[in-house]
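Trainee: Going down the list, the protein sequences come from chains W and B.
Quick note: to get the working numbering, add 254 to the position in the first sequence (first position is 1).
Quick note: to get the working numbering, add 8 to the position in the second sequence (first position is 1).
None of these hints come from the bench; they were simulated from the model.
Treat the hints with caution; some may be incorrect.
[Stated by the list, open to error] To spell it out: a stretch of chain B is covered by chain W in this simulated footprint if at least three of its residues, at any positions, have a beta carbon under 8 Å from a beta carbon of chain W; those stretches are:
#	stretch
1	17–27
2	41–50
3	62–71
Cβ coordinates follow ideal geometry from the N, Cα and C atoms, glycine included.
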Amino acid sequence: MDRDELLRVLRAFEMEGLEYVLIGATAMGFHGLVRATEDVDLFVRATPENVDRLRRALRAAYADDPSIEEIRTTELLGDYPSVRYYPPSGDLFFDVMTRLGDAASFETIEAEVKEVEGIRVRVATPAALYRMKKDTVRPLDRRDAAALRERFKLGGND
Amino acid sequence: MPVQRFRSGEEMNAAPIRVPSGDSFDRFVRHCARYRALFPRRYPRGVFRFRTIEEAQAARERVANGG
Chain W
255 MDRDELLRVL RAFEMEGLEY VLIGATAMGF HGLVRATEDV DLFVRATPEN VDRLRRALRA
315 AYADDPSIEE IRTTELLGDY PSVRYYPPSG DLFFDVMTRL GDAASFETIE AEVKEVEGIR
375 VRVATPAALY RMKKDTVRPL DRRDAAALRE RFKLGGND
Chain B
9 MPVQRFRSGE EMNAAPIRVP SGDSFDRFVR HCARYRALFP RRYPRGVFRF RTIEEAQAAR
69 ERVANGG
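Here chain W stands alone, though its shape is the one from the complex:
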């Protein structure tokens, strides 16, 4: 994952006023739990205006990559709540979600703001990440959940 590229995208998110929250390993990295990943997972608020903001931000970060137009509002808000975008750089990719099953969405994820190089980044809290990961079947997620529980003394109702 290229540092400058990631910062460029996060800056574009802020400039366009995208309503989003980072989840997954990138969010864990902001909380001081570091593991390798090449994807940036995020929830976005599921409104047509916000999907417009997402496309504008990605166009700003990736110099009008035409494939960004394939991120369609009707799909993200309809039958395809998960979109994966591989930008031309090839260094990372984005998993953009409007909901995860019936349980999780932008509105339900508790978040906090972190700042890096003057960019405000909205990141899921450790407890929210733990809740998303603890009951999944992927070994990687279970390991993440265990690390979050230990690092942030989570458990019980968290």
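Model the placement of chain B on the given structure of chain W, informed by the hints.
Mentor: Just chain B now, with coordinates in the frame of chain W:
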């Protein structure tokens, strides 16, 4: 946990490590860059849509396995 054991470099890179919160972002991106240097992958380009998280996960695994 002074010693951890891993069956592969990929497994090791997937294990979360604790870092001081002050420089966690830079440690994170450096760690990811190191992983990419050790295990380079070719990704497709463009946009892919999924109805469920399971579909998305399966597609990710196909790419990771070179499919």
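Trainee: Confirm or reject each hint.
Mentor: Tested hints:
With a cut-off of 8 Å between beta carbons, the stretch 17–27 of chain B has 7 residues touching chain W; three or more are needed, and the interface restraint holds. Under the rule that three or more residues need a Cβ within less than 8 Å of chain W, the assignment of the stretch 41–50 of chain B holds, with 6 such residues. Residue count for the stretch 62–71 of chain B with a Cβ under 8 Å from a Cβ of chain W: 5. That meets the three needed, and the coverage hint holds.
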